[in-house]
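Protein chains in written order, with this note's numbering: chain A, 1 to 434; chain B, 1 to 291.
Mixed in with the good hints, there may be bad ones.
Calculated lysine-lysine pairs in the DSS-like style (CA-CA distance at most 30 Å, straight line) [said to hold, decoys possible]:
#: 1; chain 1: B; residue 1: Lys287; chain 2: A; residue 2: Lys235
#: 2; chain 1: B; residue 1: Lys63; chain 2: B; residue 2: Lys94
#: 3; chain 1: B; residue 1: Lys94; chain 2: A; residue 2: Lys230
#: 4; chain 1: A; residue 1: Lys234; chain 2: B; residue 2: Lys287
#: 5; chain 1: B; residue 1: Lys261; chain 2: B; residue 2: Lys63
#: 6; chain 1: B; residue 1: Lys256; chain 2: B; residue 2: Lys133
Here are some of the chain B residues that sit facing chain A, going by a computed Cβ distance under 8 Å [to be verified]:
#: 7; residue: Val158
#: 8; residue: Lys161
#: 9; residue: Thr201
#: 10; residue: Phe203
#: 11; residue: Trp204
#: 12; residue: Lys261
#: 13; residue: Ile285
Covered stretches of chain A, as calculated for chain B (at least 3 residues, CB under 8 Å) [as the list claims (entries may be wrong)]:
#: 14; stretch: 258 to 265
#: 15; stretch: 273 to 280
Hints are computed from structural coordinates only; laboratory data are not their basis.
Only a predicted model underlies this, so the values are computations on that prediction, with no experimental measurement involved.
Quick reminder that beta carbons are idealized off the backbone N, C-alpha and C, glycines included.
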Amino acid sequence: MSEHESTYVPKTGVEKWLDTRLPIIRFGADYMSLPTPRNLNYWWTFGGILALCLMTQIVTGIVLAMHYTPNVDLAFASVERIMRDVNGGWLIRYVHANGASMFFIAVYLHMLRGLYYGSYKAPREMIWIIGCVIFFLMIATAFLGYVLPWGQMSFWGAEVITNLIGAIPVLGEPILIWLRGGPAIDNATLNRFFSLHYLLPFAILGCVVLHLWALHAAGQNNPVGILIPKDRAKKDMLPFHPYFTVKDGFAIILFLILFAIFVFYQPNALGHADNYIPANPLQTPAHIVPEWYMLPFYAILRAVPDKFGGVVAMFGAIGVLFVLPWLDTSKVRSMRYRPTMRTFFIIFLVVGVGLGWCGGQLPDAPVIGSFKTFTLIDGDLNSYLWLTRVFTLYYFAFFLIIMPLIGLKEQPLPIPATISEPVLTGADAVEQKG
Amino acid sequence: MTIGMKTVSIKTILASAAVALGLISAAAPAMAAGAAAHPRSGGFSFEGPFGTYDQGQLQRGYKVYHEVCAACHGMNLMHYRNLGDRHGPFWNPKYPNPNDNPVVKALAAENQVPDIDSETGEPIQRDATPADKFRAPYPNATAAAAGNGGAAPPDLSVMAKARHDGANYIYSLLSGYRAAPAGLQIRDGQHYNPYMAGDLTPFWTGDHHDVPPGGFIAMPPPLQNGQVTYDDGSPQTVDQYAKDVAAFIAWTSEPKMVERKQAGFGVMIFLLIFAGLTYASYRRIWKGVAH
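Next comes chain A alone, as it looks inside the complex:
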């Protein structure tokens, strides 16, 4: 928390000299001794995991950029050359490619944790909003990066997504040409995508600094969701190091085990086989799908019959997150004490996964069996199109209707006055003496 007093005492002459000129050691030391709510559970470890993901992507990305050639005739072969002739290149590339998926697994869990425990509510709105900016930048970066190997999915994914911009009335066409660097996806597009793919991670890094700054100004939320009273700080807080470095460290290693299973044993499981076919502008793949982490938003895009409407819905699905702090009318942060809201949250989880599933299916394909029921407006009722629409409706209703309404109507459970109370008597109670 901001009021946390510095306990750092410079010992050596060099440290004293530096401390009056650039108190960088003090900054680090204060950071490590930051009072942290003692009841943080493992869902709080994804912040550290995400920091690791970002650094991994930047470091592997810088090395890949040394060997990659952003030219439509050479890009595909240059990526495969990395896999074959660059020392350890296969490892660096697979870590980078799977790292993107791992990054999104972690960010989704991190965001869902924030959603469940009300981490976006006052006084933490800025932490959440900057987090949303980071998420949006991550999507942009991942999309740009997926284009670089110049496989079939790279090319056609870029085609589909840039075309969305063209759906904007009047301005769409000129913006589209400006973005692509010409009327079609070509070498100019690949060059600028490479440039931007190198740039955006550093923009993310900058936002992460702001995210942490805001976090330290407002203080961390905790599973109980209450602001910790000043007089309880000594009892309810623990220094970040060693208590949370070791807890985060353990979680990070477990996460790395999952990461390693993919990199070493299933390196292509999360990708699409078509991206190992060199890009061919004259041959459209049978089924264009984005990477798994984009599928829920892709599903929302396709749920709306009008192209521009679909684009608005897709960006709206991300945009609604930015105003979340003002949509939630409840004063209670943690859903532990909001049983009604928790039920809707669980449905939201199912719907989110469901949207991802729908995004990977052909819209006309039947959901159950292979029979047709009856045509509703523009599609058979037993089709992914209509399932996607039902899910999309819930996605928006969750934020725009359920959240404001439940906050006003619900009867929350009694909230403990301190976090020690539930620690000692609540659901997570442990005996004081081991």
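Since the structure of chain A is already known, use the hints to place chain B on it.
Frame of chain A; chain B shown alone:
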């Protein structure tokens, strides 16, 4: 502090991993229903976390590729030197630099590749060296398309990664040609294959609930029994040829697979020990701290 509470924490982590895996499996795009027959298993040695390439099979596979496939299909990511790479078909520990490997040199020299005469600048053909790329069957993509009814035969370098269940798919496709079912209208220059992706509904005159699986492929059945001579006693059958060349293409697609799995084994052991030590430190640091 009770152990029970700790187990809950671990469960939380496992649950998060499960959610993550759930997300992935839920998001994996499903194949269109009933489009192509599910590939048969080639029973390959390189499957599983400890699987490695069978060197004899890779050598036979190269022979099939060289004598049959290479007439139409290039492998522009492969160099002859790669044949002598570690875990490759002609790897010999005596020649850590595959360019020195006499077998690789001899195999390269069987091929003529285009070059520029360094004295006169005239285009010439010369014997390939291990440093050369595999000989391309056509001078350019247009020539490849013109020679094959308008569609260039695809490059095979990464074919096993470019198809779902790559090695089994290649094996099934090559050995899976069969006579077209009665009622299927085949266009000129096309062949029926149940493992080929496609939708045959428009060409099917029979019962609509009974559309045959698979699609049309421009490539005529490329393998015949006894076509390639094996000197290691392996059966000289289409089935065996298809398996061997599928294994060879799996290797060209993923030449570092063995290295990857071996590194992965070490990494997993390291991470598991590291996780154990960190968990022990965690237990010790938090001992007696209620949370």
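Each hint tested on the structure:
1. B/Lys287 - A/Lys235: 16 Å, holds
2. B/Lys63 - B/Lys94: 23 Å, holds
3. B/Lys94 - A/Lys230: Measuring from Cα to Cα gives roughly 72 Å; hence the hint is violated.
4. A/Lys234 - B/Lys287: 18 Å, holds
5. B/Lys261 - B/Lys63: 26 Å, holds
6. B/Lys256 - B/Lys133: It holds: about 18 Å lies between the C-alpha atoms, which stays within 30 Å.
7. Val158: 5 Å, holds
8. Lys161: OK, holds: B/Lys161 within 8 Å of chain A, min 4 Å.
9. Thr201: 13 Å, violated
10. Phe203: With Cβ-Cβ at 17 Å, over 8 Å, it is violated.
11. Trp204: Where the cut-off is 8 Å and the nearest Cβ of chain A is about 16 Å from B/Trp204, the hint is violated.
12. Lys261: 6 Å, holds
13. Ile285: 5 Å, holds
14. 258 to 265: holds (count 6)
15. 273 to 280: This one holds; 5 residues, not fewer than the three required, reach chain B with a Cβ under 8 Å.
Violated hints for the displayed structure, listed by number in ascending order: 3, 9, 10 and 11.
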